[in-house]
Amino acid sequence: MSEFLQHLVNMLVLGGTYALLGIGLTLIFGIMNVVNFTHGVLYTFGAYIMFIVVHQLGLNFFLALPVAVLAGWLLGAAIELTLLRPLRGSDIDTTMLVMIGAWIAMQSGALWIWGGVAKSVATPFPEAPLVLGPVSVSWLRLFVLAAAAFLILVTYLLINRTRLGRAMRATFQDHDTASLMGVNVDLIYTSTFAIGSSLAAAAGALLGPVYVIFPQMGDLAAVKAFAIVILGGLGNITGAVIGGFILALAEELGAGYVSSGYRDAMGFVIIIAVLIFKPTGLFARSERVG
Amino acid sequence: MRAALTILAVAALASVPLWLRDPYLLNALITTGIFVIGAMSLNLLLGFTGQLSLGHIAFFGIGAYVSALTSLGFDIGLPGGFRLVHEPWPPILGFVLAILFAGTCGYFVGLLSFRVRGAYFVIVTISFAEVVRLVALNWVELTQGPLALTNVPSIALPLAGVGELTLRTKLQNYYLVLAVGLIAYLLIARLVHSHFGRAMRGLMENETLAVSVGIDVTRTLTLAAVISAAIAGAAGSLYAHYIRIIDPEVFAFINTVTMVIMVISGGKGSLAGPVVGGLIFGLLPVALRPIMAPEGQWIAYGGVLIAILFVLPRGIVPSLAQRFAARRSGKTPLAPVALAETGVKERV
Amino acid sequence: MTVAMTIEQVAVRFGGLVAISDMSFTVGEGEILSLIGPNGAGKTTAFNVMTGFLEPSAGRVTYQGTALNGLKPHQIADLGLIRTFQRTSVFPNDTVYDNLLIGLHRQGRVGLVDAILGLPRARASERKLRQRASELMEWVGLERRAHDAAGSLSYGEQRLVGVALALAAEPSMLLLDEPVSGMNASETHRFVELIRGIRGRGITILLVEHDMPMVMTVSDRIVVLNYGRIIAEGTPEVIRNDPAVIEAYLGHGAARA
Numbered sequence: 001m002s003e004f005l006q007h008l009v010n011m012l013v014l015g016g017t018y019a020l021l022g023i024g025l026t027l028i029f030g031i032m033n034v035v036n037f038t039h040g041v042l043y044t045f046g047a048y049i050m051f052i053v054v055h056q057l058g059l060n061f062f063l064a065l066p067v068a069v070l071a072g073w074l075l076g077a078a079i080e081l082t083l084l085r086p087l088r089g090s091d092i093d094t095t096m097l098v099m100i101g102a103w104i105a106m107q108s109g110a111l112w113i114w115g116g117v118a119k120s121v122a123t124p125f126p127e128a129p130l131v132l133g134p135v136s137v138s139w140l141r142l143f144v145l146a147a148a149a150f151l152i153l154v155t156y157l158l159i160n161r162t163r164l165g166r167a168m169r170a171t172f173q174d175h176d177t178a179s180l181m182g183v184n185v186d187l188i189y190t191s192t193f194a195i196g197s198s199l200a201a202a203a204g205a206l207l208g209p210v211y212v213i214f215p216q217m218g219d220l221a222a223v224k225a226f227a228i229v230i231l232g233g234l235g236n237i238t239g240a241v242i243g244g245f246i247l248a249l250a251e252e253l254g255a256g257y258v259s260s261g262y263r264d265a266m267g268f269v270i271i272i273a274v275l276i277f278k279p280t281g282l283f284a285r286s287e288r289v290g
Numbered sequence: 001m002r003a004a005l006t007i008l009a010v011a012a013l014a015s016v017p018l019w020l021r022d023p024y025l026l027n028a029l030i031t032t033g034i035f036v037i038g039a040m041s042l043n044l045l046l047g048f049t050g051q052l053s054l055g056h057i058a059f060f061g062i063g064a065y066v067s068a069l070t071s072l073g074f075d076i077g078l079p080g081g082f083r084l085v086h087e088p089w090p091p092i093l094g095f096v097l098a099i100l101f102a103g104t105c106g107y108f109v110g111l112l113s114f115r116v117r118g119a120y121f122v123i124v125t126i127s128f129a130e131v132v133r134l135v136a137l138n139w140v141e142l143t144q145g146p147l148a149l150t151n152v153p154s155i156a157l158p159l160a161g162v163g164e165l166t167l168r169t170k171l172q173n174y175y176l177v178l179a180v181g182l183i184a185y186l187l188i189a190r191l192v193h194s195h196f197g198r199a200m201r202g203l204m205e206n207e208t209l210a211v212s213v214g215i216d217v218t219r220t221l222t223l224a225a226v227i228s229a230a231i232a233g234a235a236g237s238l239y240a241h242y243i244r245i246i247d248p249e250v251f252a253f254i255n256t257v258t259m260v261i262m263v264i265s266g267g268k269g270s271l272a273g274p275v276v277g278g279l280i281f282g283l284l285p286v287a288l289r290p291i292m293a294p295e296g297q298w299i300a301y302g303g304v305l306i307a308i309l310f311v312l313p314r315g316i317v318p319s320l321a322q323r324f325a326a327r328r329s330g331k332t333p334l335a336p337v338a339l340a341e342t343g344v345k346e347r348v
Numbered sequence: 001m002t003v004a005m006t007i008e009q010v011a012v013r014f015g016g017l018v019a020i021s022d023m024s025f026t027v028g029e030g031e032i033l034s035l036i037g038p039n040g041a042g043k044t045t046a047f048n049v050m051t052g053f054l055e056p057s058a059g060r061v062t063y064q065g066t067a068l069n070g071l072k073p074h075q076i077a078d079l080g081l082i083r084t085f086q087r088t089s090v091f092p093n094d095t096v097y098d099n100l101l102i103g104l105h106r107q108g109r110v111g112l113v114d115a116i117l118g119l120p121r122a123r124a125s126e127r128k129l130r131q132r133a134s135e136l137m138e139w140v141g142l143e144r145r146a147h148d149a150a151g152s153l154s155y156g157e158q159r160l161v162g163v164a165l166a167l168a169a170e171p172s173m174l175l176l177d178e179p180v181s182g183m184n185a186s187e188t189h190r191f192v193e194l195i196r197g198i199r200g201r202g203i204t205i206l207l208v209e210h211d212m213p214m215v216m217t218v219s220d221r222i223v224v225l226n227y228g229r230i231i232a233e234g235t236p237e238v239i240r241n242d243p244a245v246i247e248a249y250l251g252h253g254a255a256r257a
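Protein chains in written order, with this note's numbering: chain A, 1 to 290; chain B, 1 to 348; chain C, 1 to 257.
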């Protein structure tokens with residue numbers, strides 16, 4: 001029982017960051033109809049920004065997180081402006097392949113710049129974990145959970161309480177109508193991609209110090225993001241949050257009770273199972289047929 | 001005209017070992033040829049049915065492992081305390097089994113994944129390949145996991161009355177790959193110009209209309225998936241017996257991307273496209289090697305993929321065909337690919 | 001008159017929205033029957049149900065004794081029930097000629113091995129298909145455009161390709177969804193002749209159309225739908241004078257009849 005409680009706690013900590021990853025990806029798909037293969041690279045990028053700010057610039061750990069978010073925002077906006085805007089109106093296969101090209105180039109770029117050796121980030125938190133009865137959790141992971149929850153809340157408010165958010169939702173419903181109603185769709189697309197990218201970078205900045213940082217770390221993160229988004233239904237933000245926690249639970253239980261070698265296979269298994277049995281995702285909005 | 005061009009191209013390829021003595025370049029040509037076969041099989045799905053399968057390397061890798069294990073033998077435990085022991089068989093049987101096994105996998109994967117389209121289809125195919133990779137990595141008893149299957153024997157051709165001819169040299173393997181590639185090319189050409197190919201094209205262009213004239217979506221797409229997977233399996237088998245070592249890295253996503261680049265750059269939906277694109281991108285690393293670090297090569301790869309999609313979205317072969325046709329007729333035809341590929345000429 | 005198709009108490013609901021509430025009628029063998037009604041009356045929905053693109057919420061459709069419920073569109077096409085679509089429906093990147101070859105799918109089934117090895121059986125079948133495609137092209141008057149991409153044709157010509165495609169599938173009953181919308185008067189006139197010619201070959205025709213003069217000229221019988229219900233049924237004469245029909249159309253301000 002105590003083992004199970006520990007798994008639940010781990011799930012909560014992991015699930016928050018997964019939700020961040022998933023929201024970023026699902027926003028971009030829902031609004032822009034782009035399958036963003038650079039999502040994982042932005043996750044890696046966020047982690048390296050964390051490393052650079054803390055170790056190369058020698059600045060405060062807590063300052064590094066907003067810097068990573070901002071850097072992710074800028075890089076995302078740059079990708080959208082240079083690669084996606086010129087392809088507006090192309091079919092989804094073309095944008096997917098362009099994003100794959102960008103992913104390969106950027107990941108190899110990271111390898112070139114930072115080398116293949118894994119790096120770790122020193123944190124200001126105490127080594128000893130917080131022990132509560134049968135479960136223990138490190139202070140760093142608690143901070144990660146709190147920060148992820150905060151960022152999810154900010155995203156939620158941004159989408160539901162601001163003018164930009166309203167325009168994003170209108171574009172999500174029907175971008176032709178939105179543009180007729182005076183929404184600057186180009187601006188919305190760039191903002192969406194930048195926001196989604198900054199969330200991926202934030203997830204990387206948060207999980208980077210928990211694990212280690214290396215150029216290919218984003219690949220698995222990307223797969224997980226895809227699994228989360230498929231679980232929640234492409235374009236569904238609440239679904240992405242729930243999907244993030246479900247994936248975290250599946251991984252914890254898979255690693256704890258099946259075999260740790262297959263921990264990272266859980267994401268793929270979920271993707272295949274969902275697509276075979278319920279292709280619209282678990283939380284898809286009902287669509288009118290015909 | 002087209003036939004003449006094809007014969008000329010085959011003759012040119014067949015003559016290469018006569019004047020190219022550099023073993024390093026010959027080796028690059030052989031591995032490129034194997035990947036070209038993989039790219040041709042991918043083109044059947046990507047170019048002729050419009051399904052962007054990004055898990056294609058799975059069938060290549062499955063073919064490689066099936067062929068290697070058939071010729072090496074294995075001894076594994078099964079649930080319930082049973083053991084499955086397989087004594088080594090001749091590699092040529094491995095080649096046949098690789099085709100059959102990969103084709104069967106293609107059937108089941110097709111049956112399941114064609115239930116979804118677009119982004120979903122892409123993601124489910126990627127996931128399939130990754131799951132296969134993780135199995136190859138973790139089922140150590142069968143696959144040796146990351147330690148790789150080593151000493152895979154070379155393919156031996158049974159010759160009536162003479163015995164066997166083991167294909168050890170690069171020269172022999174070059175002609176083997178060329179022969180298999182030629183057969184695959186002809187098979188795909190016949191298929192896409194047949195009644196089945198028309199059904200595939202119909203589905204790609206207008207699925208609703210296609211089913212309304214009686215085309216069975218599942219049957220048509222699954223057929224394409226089986227043939228495509230079987231050819232990829234054949235390529236994988238050639239790879240295993242030529243390289244003679246096979247590890248789970250064969251399933252790496254970057255290998256699928258390589259094939260996709262070959263198809264897209266050469267021209268999807270054009271028979272010669274993957275061959276042209278494949279030769280360019282298979283040999284590009286050879287050209288880049290002296291001047292670039294491996295990371296640089298990959299950056300170039302990604303950059304070139306993007307550049308092709310921006311500059312030549314239809315690919316090299318269709319663009320050239322269009323220019324050629326325009327020069328001959330003096331006007332720009334609307335659908336040169338369709339015209340060139342459908343065999344209308346028989347009537348003209 | 002033998003009955004070709006029976007529609008019994010068919011209802012279609014999308015969530016809370018009722019597209020068809022309760023529809024029953026029959027189509028006779030060799031008949032030209034028109035289904036008319038104001039926009040949103042449920043005509044295209046009815047077509048989708050009859051051709052397997054939509055499963056009805058209740059009721060059943062029977063064609064020549066076979067219940068269609070649960071059959072996929074391609075299986076229904078195999079029964080000889082072929083439709084055209086409201087919007088342009090061609091294979092745009094293929095030539096007109098190749099469009100027809102694709103449409104001849106049902107006639108060209110040969111074994112995979114025959115096809116790949118190019119065995120005599122496959123060759124003979126191909127020859128027959130090519131012959132048939134040329135005939136069809138001539139019949140709808142598109143032989144000049146044979147080698148043009150279908151997507152490059154005019155709107156009216158694309159409609160003709162659509163019909164030729166449907167005919168290529170050898171229908172015993174043809175369902176035409178607003179075939180003359182967007183055609184000019186002379187094109188429409190030619191199309192009416194074409195429809196008569198198709199019926200002359202013994203093919204039953206079910207027509208959905210807004211062009212009332214055309215419907216009145218060509219139909220043997222008319223079924224009028226409004227708000228998902230049948231409000232009238234009969235010969236053009238009867239329909240022309242039916243108060244409920246006049247009301248339905250005038251009430252919608254679309255009294256083209």
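By construction, these hints were calculated from the structure, which means they are not laboratory data. Among the clues, some could well be false.
Pairwise CB distance ranges, derived in the manner of DEER restraints [as the list claims (entries may be wrong)]:
| hint | chain 1 | residue 1 | chain 2 | residue 2 | range |
| --- | --- | --- | --- | --- | --- |
| 1 | C | Arg123 | B | Pro79 | 34 to 40 Å |
| 2 | C | Ser24 | A | Thr94 | 47 to 53 Å |
| 3 | C | Arg13 | B | Pro79 | 46 to 52 Å |
| 4 | A | Thr238 | C | Val113 | 37 to 43 Å |
| 5 | A | Ser260 | B | Ser15 | 40 to 46 Å |
| 6 | C | Arg13 | A | Gly133 | 53 to 59 Å |
| 7 | B | Arg83 | A | Leu74 | 55 to 61 Å |
Backbone N, C-alpha and C fix where the C-beta goes; we use that ideal spot for every residue, glycine too.
Checked hints:
no. : hint                            : in the structure
1   : C:Arg123 x B:Pro79: 34 to 40 Å  : 52 Å, violated
2   : C:Ser24 x A:Thr94: 47 to 53 Å   : 48 Å, holds
3   : C:Arg13 x B:Pro79: 46 to 52 Å   : 49 Å, holds
4   : A:Thr238 x C:Val113: 37 to 43 Å : 53 Å, violated
5   : A:Ser260 x B:Ser15: 40 to 46 Å  : 54 Å, violated
6   : C:Arg13 x A:Gly133: 53 to 59 Å  : 54 Å, holds
7   : B:Arg83 x A:Leu74: 55 to 61 Å   : 59 Å, holds
Checked against the numbered hints given earlier, this structure breaks hints 1, 4, 5; the rest are met.
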